[in-house]
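Now for the letters of each chain:
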Amino acid sequence: MAFLSIEKLVKTFGTQTTVKGVDLAVERGEFVTLLGPSGCGKTTILRMVAGFETATSGTIRIDGKDVTDLKPNQRNIGMVFQAYALFPNMSVADNIAFGLKVAKKSSAEIAARVKEMLELIKLPQLGERYPYQLSGGQQQRVALARALAVKPQILLLDEPLSALDAKIRISLRDEIRAVQRSLGITTIFVTHDQEEALSMSDRICVMNEGHIEQLGTPFEVYNYPTTRFVASFVGTLNIVNGKVADSATGKLLVDGQEIVTSRSLNGASTGDALSLALRPEALTMGRANGLSNNLDGTIDEVHFLGSVVRIRVKFKDSAISLDTFNKPHLPPPERGQPVTVNFGREDILVLDGAPN
Amino acid sequence: MKQSRIAPWIGVIFGAIYFLVPLIATFEFSLRMERGRYSFEAYRIVLGDPNFQASFGYSAFIAVCTIIVGVALVVPTAYVVQLKLPKLRPVIEFLTLLPLVIPAIVIVFGYLRMYNSSSWLPLTGSARGTDVLLTFSYVTLALPYMYRSVDTGLRAIDVRTLTEAAQSLGSSWPRILLTVILPNVRVAVLSGSFLTFAIVIGEFTMASLLNRPAFGPYLQLIGANRAYEPAALAIIAFAITWACMGLINLFGAMGQQTQRR
Ligand SMILES: Nc1ncnc2c1ncn2[C@@H]1O[C@H](COP(=O)(O)OP(=O)(O)O)[C@@H](O)[C@H]1O
Ligand SMILES: [Mg+2]
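Heads up: the sequence lines are chains G and S, in that order. Per UniProt numbering, the very first residue in the first sequence carries number 1; after that it's consecutive. Per UniProt numbering, the very first residue in the second sequence carries number 1; after that it's consecutive.
Here chain S stands alone, though its shape is the one from the complex:
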């Protein structure tokens, strides 16, 4: 009895040390910019850096665009698959998992071949075009998370009966999606969105290869050239990610309250 309780605790403590020690060490280091005392000087410098603000703002904007495009793509797809094409589900699931299997660098080289300035759709020819391409590539990158999240949300409600109830009341397809389906998977869409946000904010490969002023390349640049600021940035990025996770949990709990049967 006692034996069996000690083993899991050892696991937990080991995991905590594994994750927490580097985190605490980084945090501690980020406070040591001024000789001989702890201060938030490194954070002040980082947060006051116009490049930080610009790159973070850019990435946040792209993240929001990614979320909008992702939701518009995934919700109707998952809905139709669940309602009309359940046999296609394994195929769609496989497709949405591909971005986890194919390295981002492979995808982005593919994009560069397909959409370079001398191609049939020269997206990389202009900054706006490249932003669009970056957004779409982030949609791809976030697809596994967004699809899974929305699909789980859809499975939790009786999609077919709700759809038929709305249909028999005269409702059209777009109306059903917007007023019946989407509000009932709101929590799932939100958690997918926060995951997407966290992914986009930290992404480096695609932004860097497409040469856009995103937060990931900025992190890398600072990391290569400064001592204390990268530690502060790492902690800030970490806090943003955790804030996203916290929001997922918060909305998840709220959703359970309003959708209890």
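If we strip away everything but chain G, and leave its shape as in the complex, we get:
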């Protein structure tokens, strides 16, 4: 049985159901991310696991024990919040020691543990500082140390990086992951940033409007999205409207042009409208022969992003973006120019749900 198991979890606020029957099993030592747009219920799920909200129905088990109705201070869960939640009146060392003092550890044990935690977060010199004397990144590291000092069974992080600068955010990502790995602590991480989720997680749980859209490894979720929502939310994905021309051979029509997919059509029959997804990195400019697909369009926009040039190609009623590497000796194409885009048969993802 999974270390943390959430079953049929529901949370209703007044008339609004925020969490609509979520099932999630997290293995011991696993790093699972809840990824979804703002307001989809990620925080609410985390708060129910922590005990700050009571579940309307469903159960939460930690290591086989039902904790659904336990008070937060009886759960042994470490939590890191988005806002810096360090106690402003206490030094860094006292913040880290707080939970240990509550647990009535001996002062020698507390001192040793605080020192150990300060080293873990690579701030061994800052024990005497006060929170207001630290940068945002340092504060979040102290918050992490404070949560981990009491050796919680589960670590919960609610968008801990979203208040930080881009650079610090990326370095702290790696650091959080390294600490999590070294302690082998079961972790749920909440974010609305797909890049963060993809780079950190063992598994990603993509959420939308209170339910789970897809649960899988970053590789699976990115490459094999099962729903239109996941496809559009995870990564920059092109979604085009297509029509099944021949369900038996995988022939599709996009913009009146015929393409072929080698993937399953999810039971769609000839004449059905479909949503198709294409990753920018799967597309190449130019005409290809053989088993590849070609689509003719015109260049709509050219974004120079540095090492990458992102080009938007327009068809009659849809558009897609594709990335090319910047080549100094080759100036980028110009707007309005006709262009052919090619991609492999296996690069077409057929999504659930009819096009809008």
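Fair warning: there could be bad hints in the mix.
Claimed, not checked - Straight-line Cα separation of at most 25 angstroms, DSS-like style, residue types lysine-lysine; simulated pairs:
(1) G:Lys327 with G:Lys314
(2) S:Lys87 with G:Lys71
(3) G:Lys8 with G:Lys71
(4) G:Lys115 with G:Lys105
(5) S:Lys84 with G:Lys71
(6) G:Lys104 with G:Lys20
Derived by calculation from the structure, the hints in this document are not laboratory data. Since the structure is predicted, the reported quantities are computational estimates derived from the model, not experimental observations.
With the hints as your guide, set chain S with the ligands onto chain G.
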């Protein structure tokens, strides 16, 4: 441009004259006890008067009790309202403002009816009982100031997140209040306390009607029977009030230093 600067200055000067002239006049008068020269004789007499010392000591003691009871009542209340019952905030604010609307004399007559020696809780039956009643009535009187001050302090910190952080670290409610919330609203509690102190030291109506040997009735007694000493007393009372205000500002500035983010 020039015009618009003159107007505020006129206001400031007018206000200063309005407040300062009587103050200076009182001070000057308080120095004239000895014929023909300025001296602090009136202050010497007042400060040396055992009744002054006793009544001031009594009032200071009651003030400290009032502050302790007030803090114990207001901090948890404001905390719970902010955390769990934000909808009740307007109701609580209205309640805490009532003492400003209801005259002290009305409150104290109410008390005398409720707690007289033949009532179900005869607090006025003994001196200690009356002291308790006086303390509680001062808590009521200071409530608007104490509540507002503490509430403002609580709003300046993220009460909910701090509480939840402490809870997830295993902390119980009393511990959260004492070790996390109270130290972070220390400045607000202190400024509420100094206001309370200033109010209690100068209060007359309740102390007089409950017949307790407080500083307010003493001021009144001296004022009715002496010439120079009341002026000296007024200046002393004024200095105490200003010392309280100064301390509020001092602690306010210190608080800003330690709680800057
Ligand atoms: N205490 C609450 N009372 C009422 N509604 C709430 C409460 N907490 C959250 N909600 C609602 O639940 C929805 C989901 O919130 P949340 O779980 O914070 O989303 P996320 O963390 O994914 O952005 C929001 O629409 C929010 O308004
Ligand atoms: Mg959230």
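Here is what the structure says about each hint:
At most 25 angstroms may separate the alpha-carbon atoms for a hinted pair to count; Lys327 of chain G and Lys314 of chain G meet this at roughly 23 angstroms. Taken as a hint, the Lys87 of chain S and Lys71 of chain G pair is honoured in the structure, with Cα atoms around 24 angstroms apart against an allowance of 25 angstroms. Taking the CA atoms of Lys8 of chain G and Lys71 of chain G, the gap is near 20 angstroms; set against the 25 angstroms cutoff, the hint holds. A distance of roughly 15 angstroms separates the Cα atoms of Lys115 of chain G and Lys105 of chain G; the hinted pair therefore holds under the 25 angstroms criterion.
Taking the CA atoms of Lys84 of chain S and Lys71 of chain G, the gap is about 15 angstroms. The hint holds against a cut of 25 angstroms. The hinted pair formed by Lys104 of chain G and Lys20 of chain G fails the criterion: a straight-line CA distance of about 40 angstroms is larger than 25 angstroms.
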